[in-house]
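First to last, the protein sequences are chains A and B.
When we follow the working numbering, the leftmost residue of the first sequence carries the number 343, and every step to the right adds one.
When we follow the working numbering, the leftmost residue of the second sequence carries the number 214, and every step to the right adds one.
Among the clues, some could well be false.
Cβ pair distances, simulated, as ranges [to be verified]:
| hint | chain 1 | residue 1 | chain 2 | residue 2 | range |
| --- | --- | --- | --- | --- | --- |
| 1 | B | GLN633 | A | PRO366 | 25 to 35 Å |
| 2 | B | PHE272 | A | ILE354 | 50 to 60 Å |
| 3 | B | ALA364 | A | PRO366 | 42 to 52 Å |
| 4 | A | GLY389 | B | LEU416 | 23 to 33 Å |
| 5 | A | ILE354 | B | ALA949 | 49 to 59 Å |
| 6 | B | ARG601 | A | PRO366 | 30 to 40 Å |
| 7 | A | TRP362 | B | GLU742 | 38 to 48 Å |
| 8 | B | VAL716 | A | TRP362 | 48 to 58 Å |
Chain A stretches covered by chain B per the calculated footprint, using a threshold of three residues with CB under 8 Å from any CB of chain B [as the list claims (entries may be wrong)]:
| hint | stretch |
| --- | --- |
| 9 | 347 to 357 |
| 10 | 369 to 383 |
No lab work stands behind these hints, which were simulated from the structure alone.
Only a predicted model underlies this, so the values are computations on that prediction, with no experimental measurement involved.
Virtual Cβ for every residue (Gly too), placed ideally from N, Cα, C.
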Amino acid sequence: MINLIVIAISAIMLALLLVWWRWPAFRVWIEAPKYSMLRQERRFDAGSARR
Amino acid sequence: MTTSAQNLTSRNERVINTQTLGALPSIEYGLIRAHVFASLVTLVISVLFGILVATKFTFPEFLGGHGWLTWGRLRYNHTQGIFFGWLGNAFLAFFYYVVPRLANRPVLSRRLGWFLFWVWNFAVVLPGWVLVAAGFSQPLEWAEFPLVVDAFVVLAFVLMVFEFVLPFLKARLSDLYVSAWYIIGGIIFTMLAYPVGNLVPELVPGARGAAFSGLWIHDAVGLFVTPFAAAIAYYLIPATTRRAIFSHFLSLVGFWLLFFTYPLNGTHHYVYSAIPMAAQKGAIVASAYLGMAVILVVTNWLLSLRGSSGTVSKDVPLRFVWFGVVSYLVVSLQGSIQALMPVNRFIHFTDWVIGHSHLAMIGFASFIALGGIAHLWQRIPGTRYNERMMNWSFWLLAVGLTLMVTDLTIAGLVEAQVWQSSAPWIDSVRAVGSYWLVRTLSGLPILAGFVLFWTSLVTGPRLSEAITSGTSRVASESIVAFENVSPASATLFSTDWLSYAHVVAFGAGVGFFALSFLVLAILPGKELEAEIKQVAPVTMATLTASEQRGRVIYGREGCAYCHTQQIRSLAADVRRFGAPTEPWETKYDYPQLWGTRRIGPDLSREFNLHSRDWQLTHLYNPRLVVRDSVMPPYPWLFDGSPSQPTQEGLEVLAYIQSLGRARQLSGFDHQTLASSVQPETPDMAMASEPSARATPPTVPIAMMGGYSLTAPVLHPASDRDDLQEEVSRGRTLFAANCASCHGSAGRGDGKASASLLPKPANLTAALFSDERLSSVLWNGVAGSAMPPWRQLPTEDLRALVAYIHSLHVPGATPSTQEATSLNEGKPLFAANCASCHGDTGAGNGPAAGALAPPPTNFRLKKPTQERAWDVLENGVPGTAMPPWRSQLSADQRRVLVEFVRSLYGPPQENSGQ
Chain A
343 MINLIVIAIS AIMLALLLVW WRWPAFRVWI EAPKYSMLRQ ERRFDAGSAR R
Chain B
214 MTTSAQNLTS RNERVINTQT LGALPSIEYG LIRAHVFASL VTLVISVLFG ILVATKFTFP
274 EFLGGHGWLT WGRLRYNHTQ GIFFGWLGNA FLAFFYYVVP RLANRPVLSR RLGWFLFWVW
334 NFAVVLPGWV LVAAGFSQPL EWAEFPLVVD AFVVLAFVLM VFEFVLPFLK ARLSDLYVSA
394 WYIIGGIIFT MLAYPVGNLV PELVPGARGA AFSGLWIHDA VGLFVTPFAA AIAYYLIPAT
454 TRRAIFSHFL SLVGFWLLFF TYPLNGTHHY VYSAIPMAAQ KGAIVASAYL GMAVILVVTN
514 WLLSLRGSSG TVSKDVPLRF VWFGVVSYLV VSLQGSIQAL MPVNRFIHFT DWVIGHSHLA
574 MIGFASFIAL GGIAHLWQRI PGTRYNERMM NWSFWLLAVG LTLMVTDLTI AGLVEAQVWQ
634 SSAPWIDSVR AVGSYWLVRT LSGLPILAGF VLFWTSLVTG PRLSEAITSG TSRVASESIV
694 AFENVSPASA TLFSTDWLSY AHVVAFGAGV GFFALSFLVL AILPGKELEA EIKQVAPVTM
754 ATLTASEQRG RVIYGREGCA YCHTQQIRSL AADVRRFGAP TEPWETKYDY PQLWGTRRIG
814 PDLSREFNLH SRDWQLTHLY NPRLVVRDSV MPPYPWLFDG SPSQPTQEGL EVLAYIQSLG
874 RARQLSGFDH QTLASSVQPE TPDMAMASEP SARATPPTVP IAMMGGYSLT APVLHPASDR
934 DDLQEEVSRG RTLFAANCAS CHGSAGRGDG KASASLLPKP ANLTAALFSD ERLSSVLWNG
994 VAGSAMPPWR QLPTEDLRAL VAYIHSLHVP GATPSTQEAT SLNEGKPLFA ANCASCHGDT
1054 GAGNGPAAGA LAPPPTNFRL KKPTQERAWD VLENGVPGTA MPPWRSQLSA DQRRVLVEFV
1114 RSLYGPPQEN SGQ
């Protein structure tokens, strides 16, 4: 049980780190939502201000 | 602003404004207002329930006359009110605000939203509270609302999937923000975990059911509360600071780690229990990983706040979230440490855990939810907002919570210390009495803080237009940089398949749900099933119908929240309560009542521990028999007095007296009479070890002839000064432990005496030998309410012996006439009394072995003339001693009085070793 948990979590972490390290485009893609969230926030604020 | 900066900002504005994102989706402000209002109403009511519950620790009789306001039912409603009423409504309000922003689509339907609102509040929270108060509940932690309410909870989660998850599925976004991941994952996971955690323990008994319950206890916090609070924090921090979070990659790593490890934590609530050790250790490892995951998540949040300390101090909603983030770090690390076996063995079941859970539910979840509500409230046009009052609310809550958590943590350590010793259980209750008072007082600023929060949303200036939080220049620069790079990434990361990110989140919920139940409940359950089949006695009887009904009442009144029914494999537990609980002992427990908290002692071996009338008196009013008990009274189970239980009272009694019966009747434990010195119990005790099967000090041991050869004989000090000191110490001990039955002057007229049969001994009406007193204190008196006190230190027992001696007033020496009557008394005694009391009056006649309480040993106890006369006249109700006034003449009885008094003369002393 312990081995299963340790191996599974380690594998997930390793895979994520590997992808992040090997593909810069992945880094760009995975960070994109934090900007789109801000864009949306700005749109809604602007919409509220217009009202 | 410099010209270059203005140019840059202007260029950024153009870039952003040229985005074609379509019309703004509508936001259901009416539903937001309704859920905010419902959340605050239920919050204040739930906190009031909590304060009443806390007050009852100091004043157990407070509002204790009616079942609707008893401790157990209020406690159920406190936690369920916080969970469903407060946090549920707060999260729903936030979903209506944030889902249209994140999905760029409105929620599915306004009408569905109002239906969900009505289901959540008028089919779950309100009827849940009423049913629990009326006595219809489920005695499972975080699952106290009855099953009929649970059906509506599941319906509500299904509605949430349509209302909030469907917009994401329809939008098919390629860039799903982390808050959306948490919202989708949390809704899906809870929708699946809730029915399993609530229903399965009703169908799967005992230890196997506990494995499922443990999962839900943790899932409720880890997969309902945490994801939604995290969604708020991830949204509110960038929305307020107007800067993107530090790393979206880290936020998703945190998401996956939390969803992977949270469900695997469940069994850490049952460390050292009968659940297979592999599952326990798996949960402990997962708890350690969870701590690491939380460090990652919190680091990301704090780095997102870098350079924004001014905003944190100025913006109260953001300050609420910041406090929540810090609390999350502390409480999660605390949780990971608590799960470790060396810590868990010490602090589990204590108030430390209650402090921990308040830090989680108030410090983390409530602070973040409050921040979320305050944030969105300012952005609803036309609302009022009083910033000064909001600021006061923050400080009252922060101070109250800090005081409460500190106080409960220390109280937990104090309790743990007493439990590790051999001191009687009630000493741990006495030791934390002042901490419970402080805890109650700390609830007042918390209540005031919540009320002020509510007030701050309905007073102050009306916001004519919503606050606009234009993206800062820094963020605009970042967005432009991102726009320039993203085309390059598009070739590798096609948005076609990435648009299914929400499906992955959906799948995560389902997948981890299945994994956690397989690993921590189904597989250990199989193992337990096989073990039970192999070990359980074939003759093990089920509960009778009356005992079953008593079990339901026991659950209804919340008894399992103060009394566990699981003896852990630990020396401290075994020494106090007996051998560790084995899975087969709980094979008929639907649902399990193991409990996760001890205010009172464990009850799993209550069979034969206390007499029937002691139990009834204790249920009617615990302080009649245990002076400093904080247990609530249950007068509604009686018709006005402890000797007149209702049918329900008798059923509870039947159930309590059945606990541990199967084990005792099956002969699993060897009743070691020679237990004056208990064998050394290893730290990690196994049920099969002989040391774990010794008789615990709370179990009465039958004596022959009124005393026990195994009990040490405690002689009071011979030095006069030392004796005075012992008597003084004994008086204090007597007042604390004995006076409720024997009366403050030892005349057997304590508050409990009216309902106890046989009556407590009048200690002034006889001269007791040291052997007799030592044996009674050591073994208790079988067949009476007198328990053994051998868990007290020897010095205390000696002081009690000294004090009881001091109660006796010596009478006149026998006259010549009395000496004559001794010769006449002998044949009378032999003819009428010796069959029980023995030829020499040593209480060892042929019939003595079958009598409980045993006949008096007159060699160890010399009654006063008045007492002996009274007994011969009236007998001793509740014992085998009949009245003799119709069989013997007054002269004969007078002769017998003198004869039995002449028998006194302690036997040869034993060492007690």
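For a quick check of understanding: which of the numbered hints are violated here, in increasing order?
1, 4, 6 and 8
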